[in-house]
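A.B. asks: If you're matching them up, the sequences are chains L and G in order.
The first sequence begins at 0 in numbering that gives the first Met the number 0 and counts up one residue at a time.
The second sequence begins at 0 in numbering that gives the first Met the number 0 and counts up one residue at a time.
In case anyone wonders, no lab produced these hints; they're calculated from the structure.
Keep in mind that a hint or two might mislead.
As the list claims (entries may be wrong) - Derived lysine-lysine pairs resembling DSS-like cross-links, with alpha carbons at most 30 Å apart:
no.	chain 1	residue 1	chain 2	residue 2
1	G	Lys146	L	Lys127
2	G	Lys26	L	Lys24
3	L	Lys20	G	Lys26
4	L	Lys25	G	Lys103
5	L	Lys20	G	Lys254
6	L	Lys116	G	Lys146
7	L	Lys24	G	Lys106
8	L	Lys49	G	Lys26
9	L	Lys25	G	Lys111
10	L	Lys20	G	Lys106
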Amino acid sequence: MEHPAFEEVSFHHHTDDAEFKRRVKKTTILLSVITIIELAIGLFIYTLHKSDVNRDFLILGFKGLVCILTLAKAYYIVSVFMHLGDEIRNMIMTIVVPLMLFIWFIFAFIYEGNSYKNLRNTYDLHFKETTMPKKHGNAETHEVKPAEKSGKE
Amino acid sequence: MSTQATTVHQTKWWSGGKSPFNMEYGKLMMWYFLMSDAFTFGAFLISYGSIRFSQNFWPDPNVVFNAFPGAGHANLPLAFVSVMTFILIISSVTMVLAVHAGHKGDKQGVIKWMIWTIIGGLAFLGCQAWEWHHLITGEHAVLVDGKIEMIGQNMRGNPWGAVVNGPEVTAALTNTSHETLMSLMHSANASVSHEKIAAMSDAELRAALSTAELHVREKGPVAFGGYFYGITGFHGFHVFSGVIINIVMLIMTQKNVFQNKGHYLMIEKAGLYWHFVDLVWVFVFLCFYLI
Numbered sequence: 000m001e002h003p004a005f006e007e008v009s010f011h012h013h014t015d016d017a018e019f020k021r022r023v024k025k026t027t028i029l030l031s032v033i034t035i036i037e038l039a040i041g042l043f044i045y046t047l048h049k050s051d052v053n054r055d056f057l058i059l060g061f062k063g064l065v066c067i068l069t070l071a072k073a074y075y076i077v078s079v080f081m082h083l084g085d086e087i088r089n090m091i092m093t094i095v096v097p098l099m100l101f102i103w104f105i106f107a108f109i110y111e112g113n114s115y116k117n118l119r120n121t122y123d124l125h126f127k128e129t130t131m132p133k134k135h136g137n138a139e140t141h142e143v144k145p146a147e148k149s150g151k152e
Numbered sequence: 000m001s002t003q004a005t006t007v008h009q010t011k012w013w014s015g016g017k018s019p020f021n022m023e024y025g026k027l028m029m030w031y032f033l034m035s036d037a038f039t040f041g042a043f044l045i046s047y048g049s050i051r052f053s054q055n056f057w058p059d060p061n062v063v064f065n066a067f068p069g070a071g072h073a074n075l076p077l078a079f080v081s082v083m084t085f086i087l088i089i090s091s092v093t094m095v096l097a098v099h100a101g102h103k104g105d106k107q108g109v110i111k112w113m114i115w116t117i118i119g120g121l122a123f124l125g126c127q128a129w130e131w132h133h134l135i136t137g138e139h140a141v142l143v144d145g146k147i148e149m150i151g152q153n154m155r156g157n158p159w160g161a162v163v164n165g166p167e168v169t170a171a172l173t174n175t176s177h178e179t180l181m182s183l184m185h186s187a188n189a190s191v192s193h194e195k196i197a198a199m200s201d202a203e204l205r206a207a208l209s210t211a212e213l214h215v216r217e218k219g220p221v222a223f224g225g226y227f228y229g230i231t232g233f234h235g236f237h238v239f240s241g242v243i244i245n246i247v248m249l250i251m252t253q254k255n256v257f258q259n260k261g262h263y264l265m266i267e268k269a270g271l272y273w274h275f276v277d278l279v280w281v282f283v284f285l286c287f288y289l290i
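Just chain G, same shape as in the assembly (with noise of 0.2 Å):
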């Protein structure tokens, strides 16, 4: 006890009335509540990484997260989500700049770095939502059941299995339907136009099929679409929510609130919640899009 004491009279921190952290209780609490916020999407990607060393097979990102608004069919691995990331730290920087308006009573400076954050959220949730739209409406080659279709991520598997070999895929096109022969020679050879394709004979297509370089696959897993779709939809919530409560603060800091109050702490509490999401958007990065 006596050390107790003496600690005590040293520091004077745990002696009543003050902080023992030096800090507001909104603010410590927010702390609090980020690092539990931390261990739910730890366990979400630990529950996705230990799925994922039990599988034989994990389609490769670089395979899946190809494609980039307006290019088509072009093969542009890491492109688009390195613009999502690049899009949150920005974003991260101007709140930043924003809680310093605060700090020096800047009201100005918070309503156009807050502006400029919030600009930046909805361009990453939008960003998201074509990828999304992309993953869930392109369709590719897949064989099921020894035979080729055309599917898209659904609830039931998505079609970034394994690479289907030559002779397999050769044995395929004989049991595929007339509809995925015409989208497969479609998408193999772009300079063919649709009637010439429409006159081709099923015979006429396996042929011109049998040399065409395609890519089949098989099914992937089930649980790469479950885990993607959860994390980064769990992530795209909370940056939603990031955005509802920087426009809840933009809309006070106009109605002169923390003018009155003599603080902008209020805009620190909200910037340390967006940059957690722009933290959390590290890892989600570095687990589905880098390895």
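The following block holds chain L by itself, in its conformation from the complex (with noise of 0.2 Å):
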């Protein structure tokens, strides 16, 4: 439908219906079993977990797997159902091109955050002490602490 009130829109969009439908059916599909995979994902972490084995390094690899398929997820939502994608070049560059701030926004508070947690746990051993969770059959230190300082922050 054309919209005659809109004079500044040079051009309109036009996808017959056939096209649409299966476009949004295949977007639909994908962001289902994305996010069915996600939930295994999930699932597995928490097997892995509950394991007495140490698979710290397996399970931060998974944790990055599930936010590149979040990444992707977000990326078929604002392209096709958003129609971010169809819109022309200039229009997607004035969005997409701000939001690239959020690299160096994650990695360096992230970064300030951890480094954070190790100044505090060199200097500050009240910290280190009540907030450390204590490892399962280690019977060096028994003694019961209070844990009425852990959640300090």
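Reconstruct the complex from the two isolated chains, following the hints.
C.D. replies: Structure (structure tokens):
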């Protein structure tokens, strides 16, 4: 349908019904499948957590995989459901380029948080003793420690 | 200057009279609003991330979010939140269909799909209300000052800290109050009736509990609750306002406002907002439930 009220819009996107239905169906299935894979990985991480074997590195890898899958989901939602992919390139760039700030934003602040933890573990022994989770079956330090400070922050 | 002039001549996008982005003003501004909103949510999530990285211990989401309505104490990690995620994805799809019906000027189609989208939004809000209620009222055994207490999520802490070892639990049982011992006994051994538990003395309860498998934890980081309720609440507020916007759009459609205007661009803008809410949930789901 034309938009006669909007002369500033030079051309309109025309997609026929069959093509549109096919695309929406495909994207819906894709989003559902990615979500199911994410849930499967989430449950797998849960079983890894429960086992006594130290699999921290593997868990980290799976968490990274889930992040990538989520970005794929976000791409499909924005480009197909929100039709950003159908807009002209200049328009897309005014939205996407500012969002690049997130690349620095995420890395800088997570690095900052991690650095704060390391500094406190080095110089604030009270923090370290009250918040560091005790390993299972490790019988060296077994005095009952009140945990009232554990959530400090 | 000359190169600029030739560009203008070639594309004519910037010579005035038309949108250089080939987009109606309101829709363009909706996009910029959503971009700024993305930064708001992004800042919240990144601040959550940096605090999480600054802690030695952080609760495992699969331990916290393991309940399902009507399933009692069954351990079902990720089950309920996956229902919520699918509700939101499906309501996003019905919104796409509403926008498409609007493109064709199909009033009945717009009404039908808008109603489904609103139902999806309300269902999501209902799920979130249940989840919050469950997390706040559900009490768990926590080691506090050398004794065990049954606490739920509150402003000062949450019951999802690190697991306490067996010897410490046994030591803590001696300081634990009668009422807590009774509720511990009830949760550890559901087959024993309330009357039987009420008749037991403290010593009997302690003896029975010292052999039972108790899941006693320390208090979890306060920031966990703050960020969880803050960010899911802010997202829930977006869902709520999205539902209100969709209801207004539905009423306007029914009153032929868009039919008389000759276009359904307002549905498109409401649709953008609704998809954005779905998009944010994808990231909230990632940050709080999956990793």
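A.B. asks: Give a verdict on every hint.
C.D. replies: Hints versus structure:
For the hint pairing Lys146 (chain G) with Lys127 (chain L), the CA-to-CA distance comes to about 22 Å; that is within 30 Å, so the pair holds. Straight-line distance between C-alpha atoms of Lys26 (chain G) and Lys24 (chain L) comes to about 25 Å, which keeps the hinted pair within the 30 Å bound. Pair hint Lys20 (chain L) plus Lys26 (chain G) holds up; C-alpha atoms about 23 Å apart against a cutoff of 30 Å. About 21 Å separates the Cα atoms of Lys25 (chain L) and Lys103 (chain G), which keeps this hinted pair within 30 Å; it holds.
In summary, the hint linking Lys20 (chain L) to Lys254 (chain G) is supported, as the alpha carbons are separated by about 28 Å, within the 30 Å threshold. Taking the CA atoms of Lys116 (chain L) and Lys146 (chain G), the gap is about 29 Å. The hint holds against a cut of 30 Å. Only pairs whose Cα atoms come within 30 Å are accepted, and Lys24 (chain L) paired with Lys106 (chain G) is accepted, the gap being roughly 22 Å. Only pairs whose Cα atoms come within 30 Å are accepted, and Lys49 (chain L) paired with Lys26 (chain G) is rejected, the gap being roughly 49 Å.
The hinted pair formed by Lys25 (chain L) and Lys111 (chain G) meets the criterion: a straight-line CA distance of about 22 Å does not exceed 30 Å. With a C-alpha separation of about 18 Å, the suggested pairing of Lys20 (chain L) with Lys106 (chain G) holds against the 30 Å cut-off.
Against the hints set out earlier in the document, a violation occurs for number 8 only.
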